[in-house]
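Enquirer: Model the full structure from these sequences, guided by the hints.
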Amino acid sequence: MSMHEELTGGSSERVRSVALSCSLEDLTLTDQSEEQLAEMSCVELIDSLLDYSREDSEHLYYSVALLYRQNFTWNNIFHQVASKILDKNAECSITEQLNYTIEHSNHTAAHPNYDTQQSKRAFQFLRHWQRIIPSDFEDEGRKMYWQRLLPQIGLEALSDKSLAPNTALPPRSAAEIHRKRGVMSSMRKLFSSMGDLKLSGTLLDYEPHHVALQITAHHQHLFSMISALEFSNLAWTRPSRHRTAPSLLRLIHWSDRLSWYLIHSILQPERPKQRAAILQFCIRLATHLLDMRDYNGLKCVIVAMGYSMVGRLRRTWRHLSRTERTEFKILEEIVAEDRNWARLRELEAEGPCIPFLGLHLTDLVHLYEAIPTSPPSGEHFDGWKGYAQKVKTLLEISKRFNIGQMSSKGAVMLIESAVILDEKELVKKSFRVEPKNSVKLRRAFSIG
Amino acid sequence: MPKIYQYKLVLLGESAVGKSSLVLRFVKNSFSDHQESTIGVDKDTLKFEIWDTAGQERYNSLAPMYYRGAHAAVVDSFERAKKWVTELLRNASPNIVIALVGNKLDLATHRQVTLEEGQAYADEANLLFTEASARSGDGVSEAFIKIAKKLPKTEQQMASPRLAPDARRVDLNRSGAESYPTTNRCC
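As you go down the protein sequences, you meet chains U and E in turn. Taken in order, the first sequence gives residues 1 to 448; the numbers are from the working numbering. Taken in order, the second sequence gives residues 1 to 187; the numbers are from the working numbering.
There could be a bad hint or two in this list.
[Claimed, not checked] Below, computed lysine to aspartate or glutamate pairings styled on EDC-like, alpha-carbon distance capped at 16 Å:
| hint | chain 1 | residue 1 | chain 2 | residue 2 |
| --- | --- | --- | --- | --- |
| 1 | E | K83 | U | E423 |
| 2 | U | K424 | E | D123 |
| 3 | E | K153 | E | D44 |
| 4 | E | K82 | E | E49 |
| 5 | U | K428 | E | E87 |
| 6 | U | K399 | U | E434 |
| 7 | U | K409 | U | E230 |
[Stated by the list, open to error] Sample of chain U residues lacking proximity to chain E, with all beta carbon distances greater than 10 Å (derived):
| hint | residue |
| --- | --- |
| 8 | E230 |
| 9 | K392 |
| 10 | K429 |
Hints in this document: simulated from the structure, not taken from any laboratory. Built from N, CA and C at the ideal position, the CB exists for glycine as well.
Expert: Have a look at this one:
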């Protein structure tokens, strides 16, 4: 079996292990679509990197750092790496872990709360990165980033040689280089074949039911990453939110992305009937999400369909049957904000589900604001108790929810990797596909 | 005979600028007896349905949904006001009354925008401009009264008689199992 077949024929696990077994330093991806795929693969690679408990060879860090460096903007790299590392160790902050690693690097005693193996690897990863691409750590702005990430150990510790493992990379034989070249070209082929498969695809290639399952499983995964600490002191609204509430922000970012992706998809086709097909898909998707009790997903879909640039497409909505419009109306009312989200609150209270996070974040802000600031807030026990209780309930209903693991996540990857026009462009697009004068400015039916 | 009018009012602004405390101050202080966000103007009563989206600022896809159908908007941060105003004019109803409220008046020493600057921008963009402090309570109800005076009083805004008095009250600890009184949708 050739390397290419081995890569393409195998499961994603296989791809990972093959990719991990070799250095990817020669890989240069120039095409934009390849870049996105590479980004997805890198996310997987980082995943594997942190998962592989037995694999400990240094050049993996080197490879991944280099691959990231070649293909992505700096902020992206930081974000991805930091969130990956943090996701794996959601319970404690990276600083604590790294401090612990440094303090105990010469000891073998295991601390019950820290995965030292994991921390060590994360630390080595950063150190390697710094050694291979020092410029990432020199620029003033970037220095700040790292220092904020590693406030106590700082950059000195990163470059401290006494802490560094054997820094020399293993010498390479000609055969090894040759083998790697082979893998490189195989990887490239794999990326491009994935490109054909994914980037030309649309959601319509999937069954609404499957997309709903994948989205729900993804939400379940994202919710499982959130720790109670991320809610403390309204962490997600503070300037330090990227450090203190990464998983919450990830969920918010994903929810936004899902809505924007759907708006973008609806506006793409030139003919009203084709656009209506996507609306129909969205309605079916929303119905399945409701059945699966994924209210976060449901809200995202309904928000997308209710957006002014979608709602104004009268000729498109006209292609929907009366039943479909009624269905949409009902779904919209379920997640409507009026009467303080009464209907949605009732549904969420019925049992484990994926709650709509935004509603609960607002509740938390209101509870927080209602706690008096004088006398000192520690004395307002009831207020804090209410706040804590709210967080507890929210985490309980989401963590008790279980839809199982999805083996396939093609639709989620499609949504995460797609290039989406920005809001202004989408408004323009909406007016281009259905100009203002072509139809009366009356809405097809009242939305919202 | 005095009439009751009803309006939807949204609060916009960056996180932690004090949107929620402004409302809390307004609702609690001015109307502590019956806890309704109503204002009497020229014998008529105006009822505000205040939509506070605090905590959801990071969702950039949600904001337009909240200000759809709004009659008034309170923009609470000077730096971002321009962005919000453009968005409001594009997405909300054309007759919307927009008020720019400079909050945290009590922190005068940390003042970033002078009264004149604020007023100049507000005049240019045809906004109401007031300053308030949610902490001390200064200027809070004045801000809402200013908005109330500028809102058009048409038949459409007449409050539905079916509206139960406490239907609009927010109870954050209320579990979903209790049923809420049924009212008409606002928009």
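Enquirer: Hint by hint, note whether the structure agrees.
Expert: Right, here's what the structure says about each hint:
no.	hint	in the structure
1	E/K83 - U/E423	13 Å, holds
2	U/K424 - E/D123	26 Å, violated
3	E/K153 - E/D44	9 Å, holds
4	E/K82 - E/E49	24 Å, violated
5	U/K428 - E/E87	14 Å, holds
6	U/K399 - U/E434	44 Å, violated
7	U/K409 - U/E230	27 Å, violated
8	E230	13 Å, holds
9	K392	13 Å, holds
10	K429	15 Å, holds
The structure fails to meet hints 2, 4, 6, 7 from the earlier list, while all remaining hints are met.
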